[in-house]
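S.K.: Next come the chains, spelled out residue by residue.
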Amino acid sequence: MYAVLLLPNFRLQAALRFRSVTVGAAFAVTDGENFVSERNETAAAFGVSAGMAATQALARCPRLTLLFRAVETEQVLGQTLLEVADTLSAEIEATGEGCCTVDLRRAAVRDWKSWCEAAGQRLAVLELRARIGVAPNPDLAFIAARRAESFLVVHAPAPFLAQLAISEIDPPPHLLALLRDWGIHTLGQFTALPRGELADRLGPEMDLLWQRAAGQTERLLRLVRPVEMFVEYFEFEHEIETVEPLLFLLRRFLDQLTLRLAAVHRVAARLTLQLPMDNGTKHERVFTVPTPTGDAAVLFRILHTHLEDLKLEAHPTGVRLQIDPVRPEHQQFRLFESPLRDPNRFGETLARLAALVGADNVGVAEVKDTHRPDAFQLNEPRFHQLAESSVKPEENLSIGLPLRRYRPPFAAKVRIQQRHPVEIESSIVHGRIVDVLGPYRASGDWWDKERWAVEEWDVEVEEQGLYRLHREIGGWFLDGCYDNALR
Amino acid sequence: MSSRVAALRDLLQQKYPEAEVSPAGVLPTGVKELDEANGGLAQGVVTELVGPTSAGTLFTEIMLGVLVRQGCFGALVEAGNSFHPGDADANALQRLLWVRCPSVMLAVKAADLLLRDGNLRVLLLDLQTAPERELRRVPASTWHRFQRLVETSGMALVILNSQPAIEAARVRIAIRQRWKLECMKRRRRQLLRQLSMQVFERRQFPILADTEQKTA
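Listed in order, the protein sequences are those of chains A and B. 1 is the number of the first residue of the first sequence in the working numbering; add one for each residue after it. 488 is the number of the first residue of the second sequence in the working numbering; add one for each residue after it.
Bound conformation, chain A alone (with noise of 0.2 Å):
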């Protein structure tokens, strides 16, 4: 058997997707023409049909909502409805826009009642109105897809198709025109003429409808395998001032996300954010999950702490939102060993931290590879992935005090004795050098612009405290004190 997942009025469902609708309301998506290319039952009721203009379309409607068509939803949509097929079967054929076909002859299903059912309620609540038509050739399934009301399975194609109109296979209109010439209006009425016959007079083009009208096509589906692409898109009638139709919006879709993710067996490791702005620009922002999940309250907090204190220039017109997915990591927790109680939560505290103190501020410090002093840069923690275990320390080989630095240094004024510091002068301290080490000299990067040289004096004011000096092209600066009182 063959089973056809048809989503009825797809791009009608795609422009609709995540706006609230009124029960009653009549809807109807146009083309980049303006002609109407699909409405809902309402618009139906009122004589909208597709083809029709716009402006006639409003004419017999007047309360007709309008919608452009969302393109990029329909792509979600029809990755959805593939990612859902694909949970069904290892065969499956993207037939068209809103349609895939699953090759369901290898599966052991007794009741297809209870398939059908399962398989319209995993469509159900990633929010998408499916149609499904099972039956023993693919054409047939669609067709049965197309007249069901939520699912129809045929097991006796003749006494099913006999009753159909015979516009119902789509025949080319100069066969349409013929067969009515005839008086043929059923599928039940073409069947009864002789087949061969029929070749004979009209070609293989009849013989091939024929086949179709009787139900005995058979064609080999087109495999496809779906793209592990998690996407969400949703385009604003206005730009949005506040935060919360944003917020509001990306919990749906996380939910959404999520929900598609468990079905294939994967958990999230990096959100893409981007909003697409009035202004013509676009604010993008990367996520890293800390600990893979699956949890769509995890994941909402990531973009809620994001979006809480985001300040924009312009107002977004859309969002967009794409998970990374990953296979979820099994790791079994030694009985002394565990990384941080909660990652993720630790992740979000460190955006918070940066949104207070500024990303540049915040971070694990690396001294680089280099002697030119106060060579370090900031990287982002990774703790989680560091086993909190107990090691044992290095031996500490380090000499003398530490220093606290002055970013930046202070110019000073240094007296000179004998090739020796014997008094400063600067806004920290000033006075006579009691005891001085040094000269300590250090340059670097001669072959590069960058190229830097230092003399470091480690002196003692009296009754002062310990500082550094360096001398360089410039002058005297403090760098920093290894003691002194403060206040």
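Be aware that a few hints might be false.
[Unchecked claim] Cross-link-like lysine-lysine pairs, in silico, DSS-like; alpha carbons within 27 Å at most:
| id | chain 1 | residue 1 | chain 2 | residue 2 |
| --- | --- | --- | --- | --- |
| 1 | B | 672 | A | 413 |
| 2 | A | 368 | B | 672 |
| 3 | A | 368 | A | 413 |
| 4 | B | 596 | A | 413 |
| 5 | B | 672 | B | 519 |
| 6 | B | 502 | A | 311 |
| 7 | A | 368 | A | 449 |
| 8 | B | 519 | B | 667 |
What the hints contain is simulated information worked out from the structure, not anything from laboratory work. Since we're looking at a predicted model, the values are computed, not measured.
Since the structure of chain A is provided, determine the placement of chain B on it from the hints.
M.R.: Relative to the frame of chain A, chain B by itself:
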């Protein structure tokens, strides 16, 4: 009677579960005086360290040693930007989150976030270089709130200061030692061994104040 008292205790525990705080333990520091006096760095309490610049930098060194020895993670929140990573062990730096704040108020907020987070074991709040005027603007209730937070999370919070200012501190460590330039030729391990500190429990704080007045 005793059953009524027990019932009352149960009721109070149910109603105010946060009031039931179990001792969070200590982290041995490897510094003889501190470990002998207090068992080490007390977890679940606010500790204030008072002393000159060298006291702050050497205590940061001690804390980095604790992180490596215990294999845990910690944070250094500075009201300023004076920590010199070039002096620290690279393994210890990997376990230290460094937060540089331009003002005392931001440093307090950053510490608050980390205490609420509760993922780290040690938090060092360095206010040594902060202007006294700015420090006095921090409401005393903030430090009491910090004490409540560390009680629940079991973190060790150490506030570095040049003068005693944290009323809510349960432990105060005073380092009055000053150094001569000659110390710059000695190994830091040796300096840490020579470091002399006084450790006071909360009930002893007035004695510390008296000592300071006498010193002054």
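S.K.: Compare the structure with the hints numbered earlier in the document and write down the numbers of the violated ones, lowest to highest.
M.R.: 3, 4 and 6
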